[in-house]
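Chemist: Order-wise, the sequence lines are chains A, B, C and D. By the count of the numbering used here, the first sequence reaches residue 367 at its end, each step adding exactly one. By the count of the numbering used here, the second sequence reaches residue 367 at its end, each step adding exactly one. By the count of the numbering used here, the third sequence reaches residue 367 at its end, each step adding exactly one. By the count of the numbering used here, the fourth sequence reaches residue 367 at its end, each step adding exactly one.
In short, the hints are calculated from the structure, not lab data. Since the model is a prediction, treat every value here as computed from it, not as a measurement. For every residue, glycine included, the Cβ atom is placed at its ideal position computed from N, Cα and C. There may be inaccurate statements among the hints.
[Stated by the list, open to error] Some, not all, of what chain C presents toward chain B, calculated at C-beta under 10 Å:
hint, residue
1, 31
2, 62
3, 252
Residue-level listing of the chains:
There are 4 protein chains.
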Amino acid sequence: MAGAQSIGVGMLGYAFMGKAHSRAFLAQRTLGGPLQPELVSISGRNREKLEEARAQYGWTEAVTDWREQVEDDRIGLFDNGGPNALHAEPSIAAARAGKHVLCEKPLGRTAAESLEMWREAETAGVVHMCGFNYRFVPAVRLARELLEAGELGDVVHFRARYLQSWGWDAPPSWRFDSEAAGSGALGDLGAHIVDLARYLVGEPAALSAVVRTFVEEREVDDSFVAVVEFDNGVTGTLEASRLARGRINQNTFEVNGSKGSLSFDVERLNELQLADEGGMFTRVLVTEPDHPFMSLWWPPGHIVGWGDTFTHEIHHLLAAIVGDTSVAPHGATFEDGYRCAEVCDAILRSAENGSREEVSYRG
Amino acid sequence: MAGAQSIGVGMLGYAFMGKAHSRAFLAQRTLGGPLQPELVSISGRNREKLEEARAQYGWTEAVTDWREQVEDDRIGLFDNGGPNALHAEPSIAAARAGKHVLCEKPLGRTAAESLEMWREAETAGVVHMCGFNYRFVPAVRLARELLEAGELGDVVHFRARYLQSWGWDAPPSWRFDSEAAGSGALGDLGAHIVDLARYLVGEPAALSAVVRTFVEEREVDDSFVAVVEFDNGVTGTLEASRLARGRINQNTFEVNGSKGSLSFDVERLNELQLADEGGMFTRVLVTEPDHPFMSLWWPPGHIVGWGDTFTHEIHHLLAAIVGDTSVAPHGATFEDGYRCAEVCDAILRSAENGSREEVSYRG
Amino acid sequence: MAGAQSIGVGMLGYAFMGKAHSRAFLAQRTLGGPLQPELVSISGRNREKLEEARAQYGWTEAVTDWREQVEDDRIGLFDNGGPNALHAEPSIAAARAGKHVLCEKPLGRTAAESLEMWREAETAGVVHMCGFNYRFVPAVRLARELLEAGELGDVVHFRARYLQSWGWDAPPSWRFDSEAAGSGALGDLGAHIVDLARYLVGEPAALSAVVRTFVEEREVDDSFVAVVEFDNGVTGTLEASRLARGRINQNTFEVNGSKGSLSFDVERLNELQLADEGGMFTRVLVTEPDHPFMSLWWPPGHIVGWGDTFTHEIHHLLAAIVGDTSVAPHGATFEDGYRCAEVCDAILRSAENGSREEVSYRG
Amino acid sequence: MAGAQSIGVGMLGYAFMGKAHSRAFLAQRTLGGPLQPELVSISGRNREKLEEARAQYGWTEAVTDWREQVEDDRIGLFDNGGPNALHAEPSIAAARAGKHVLCEKPLGRTAAESLEMWREAETAGVVHMCGFNYRFVPAVRLARELLEAGELGDVVHFRARYLQSWGWDAPPSWRFDSEAAGSGALGDLGAHIVDLARYLVGEPAALSAVVRTFVEEREVDDSFVAVVEFDNGVTGTLEASRLARGRINQNTFEVNGSKGSLSFDVERLNELQLADEGGMFTRVLVTEPDHPFMSLWWPPGHIVGWGDTFTHEIHHLLAAIVGDTSVAPHGATFEDGYRCAEVCDAILRSAENGSREEVSYRG
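This is chain A alone, in the form it adopts within the complex (with noise of 0.2 Å):
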């Protein structure tokens, strides 16, 4: 590692994702990377639980305002891994500090929201992404480059479906709060599904959705569904759910071309199922020497857990960073968290306007 530059980073949030990032900042310093990150300071308001983050994680401090962070001359990235209400104003004011922003999606709770995001960050000048980190499954990445080398053909259909269960008994969270999440399953879940739709087949133009909550007293949706057309004539089914019994976490999608199919789902992720035009389906175990990602990784057969795409995630992000490469096109930018919550603005006045809605994108 002698001669790698390091990075300061302040993190905002210390849950579910702040874990995830924490490892993986962490696991940078086995990759070899040509920057590496240095935990300066993680940010949140519960003081305990905090600081019980910041040792197991090792975070040097921890701080529980998120302006300090954004004052810190060390930190030169600032990842945003807090609740959805808190992602635009900490976001903006660390770009406009000349910060490089990680957020976590969704990026803003809405279209505009995002978009306004995006715009200070492109003014800013930093270097900009939002965490959809299922790009950075090897699986997924190479189904990308399967589907950009031609080897499907001209793509006819794409479907995809996240499904969740614990919709049905779960206690209160920030995630059933319309004001804190903006949406539910749809924000959560949807936004997922709807980048892959972007990352793999092409930009959405126009839809119609159903969007529902079924569990009482809940303020967010428990699920939608939409037929999409695509700017380039594919035509798709997106579905999310927190009420599919049996469905732990399936994240699935397919893509039918003429030439060939392939499909994929996150519960099984170091598998890519593949068709040509000869006809069945091949399991492909993605972990050979020269898949997406594993000459990082293990021998043959020697799976990836779900966590390692975070580590992925950030180990581009900071190649981005020294200008080894571009955030886009592998990487999600702030256009990309944009651009997918115009979808999702047009699926809730789909589902309002009981009406076929264009979504329309500004530059």
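Fit chains B, C and D to the given chain A structure using the hints.
Modeler: Positioned in the frame of chain A, the structure of chains B, C and D alone reads:
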């Protein structure tokens, strides 16, 4: 079989469905049912192929005009397995002549044609059945029984898709002719999953759909996608395509309820995936002695085939004719065929108008 | 069927195999074969059940002594589906009377008994077949064809197991009686996989085995395990058990060669898993028109059932009787039944002696 | 981490195991354990690769002679991940020097060598562990807990196989050198499943095996098969091969008992298939908060990877060093390493002698 009554059967059609139905009629004698079919005549236009089918499947006579069958007093059951354009006229004529009628799906090419068929059959007072054979898969019947018994609690989601891949390279066929077929993937594959949706979950009340023809010079649709709202609040997606490489005959559905989920695929038609509140899916091999239809067959784990669904279907129809049961609810009547057609028509209207369409049924 | 010859059939047994064989005989008329069976008589000891079976499956007569069948000039084919203890004497008598003979597996209860059956059938000059129906699964035939064509290169490993679970709670049955059954899991399940090993890979030359009865007061074995060296250098494992909870009818094998591998399971009998040098397994749905036996059936993806294997088997036997083909190599002759018995006997010897046993075959 | 003790670590080896162990040591700081590792030095013969590994994984020093580590007072834990021929001497020297020792599997190249290692470690009174990391897969630990709790009733069968395919085309390696490796597939893959057999089911008491080298000019075995009788009456099969095309890293086992069965495969290491008396297999995704090790990780359905098993293993070892737990029974001690070696030696003896061999263990 001593004492079993018999009924004369006239069948229109000698191709795919002719083969499947003939074998199912022949298999009845091994099931010990109270009514045994006598294979009086088979009709079709191509005399050579007709005679070949007659000889192979044991029909006594072959006639090139179905009107001869309608006038044949030896025939008590008219089985219509001809092309879609030949469903209405012969079936109506047979009913008017007092014959019980089994007609392949889709019932008519439109809701209007289907409605007329239903009304005529009702007026004639004959037993009528529409050939939705997937209701007679043991695992599908088990799914229905579990749903009826409330084992899944309140149902919230339904999703079904019927994907095949032969559409890319298919030779010319009446199936691509809009006059003969009425529609493409919609009537051929979509009708099956619309019927299963109705059989398992409830009546579609409103939907938004996209219907597409991707292959040049093809008259009928290659695929459709739809989001559906059912009258009981369930939301769902429906999809069919003949352009899904790698999917040979994937007719799959999933139901999610407050207390459990179930999932099925025709390619593994002896299996039903079941989850309860506890959480994970169990692969149930639907071959136990107490599973639907399995008392007719083999010891556990010795699977049945796709052709056997017709054996069950015709066994059920014959029992209905002698009054041991009624066609509904486990078999599809012409009313079911008509209601399915209303949903298919709404799918076409929605696709044409770019609008959410309500489905209305006439009594 | 005009011009098709016919052959009178006499069948011994009316239980599980009686049902399967009867249906397979009836199904012949839909296959257009050159020789059509006439169901002359069925024999068995329990007159009531016998008459029930006769009526249900359409046998003309029922007789309580198989000797009447042996003496019946109308009968050209004797089908022995009785208990194992009744395999040798009636089959030999039928062969001596000049009747072709189909006998269920295991051929005899011992190698000695089986050898006598083979010799007598050969001496009589009749067509003889042992009912190893799994050779007639389309995927198994395909496996054999791929192996014969050298698609897997030099074969190194074979492993097969046949696991069921009903042995824990089973009611009394002749299957647990050592005199009637000869052996337990070994003859019932093990014989099938020994035959498949021979059909696919080669002759077992030496083996070491453990045979066990776990359930108290049971006379026959519940399970066995064996390591096998084949005459061509292949090494393998064989295992059968009636005590494997969760395994309903898992008859599974895998072959590994220098250029590829294949894997199969009867519970999904329409599927063959295939891997080549490139590396991963493709799930081949063995329902394409050019797959073995599938020209008799449905379009791709419409699966066949377990019962259909008997239809193929008897179709093959009838073709052999008219001289269109020979029973071997795709059907099992009495020689195959005998050779299988030598392997089973060696398994018992090895278990008894705690030694590695060579398998020797007599010409 | 305030108040956490620390322990200096010296590691021998920088290849595959060096990478896996280094990452696992680094990951400890995110687990909040009571003892934190300090990475004092890494040793190996190739100075260039050694220095590269030192820098990448954050070891303070690199030394080319492991004896320096044995003499280094800063080191309290010696981690031996070198080639098999370098397991005994350095591990014994470290133990004699009072250091706790973690040694990769197989412990020694023979039972005799392994026994000496165990005795020396015991005499020295240090904590000793053999690196059977599959014991630390959450699903494997869950399997053990279910077996201990009697959930499967009386166990009757065990079958395990560890199949890879790289042996056909592999470049030269110490793994094919009989002096350096001791054995081939047996020690590399077979040792893992022998250990799992012992961890889950009991002590092998007698066995019959065939060991084969198929690839020309190869010194060590490519594969073996064995039937095993356990001291508690369980019967089983064991198999390992590097020549199974299509099997990338299939380490799979199944246990059948009077009340249920369980089945596992490392390629899907987050899943455990479970069946009870009722009958069918449920796919349990072992990612629930109350599943073994999962309190350290993510929400349900977010899977862990193969590398994380080392994180669990070293976490367990560190807890044993501070006395919070003992290495046994969930970790493998040097005694376990020795007992595994006795089974492997018996496999070789049986293959050589063509005999059933009893396995005897020295206290």
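Chemist: Quick check: which numbered hints come out false for this structure?
Modeler: none
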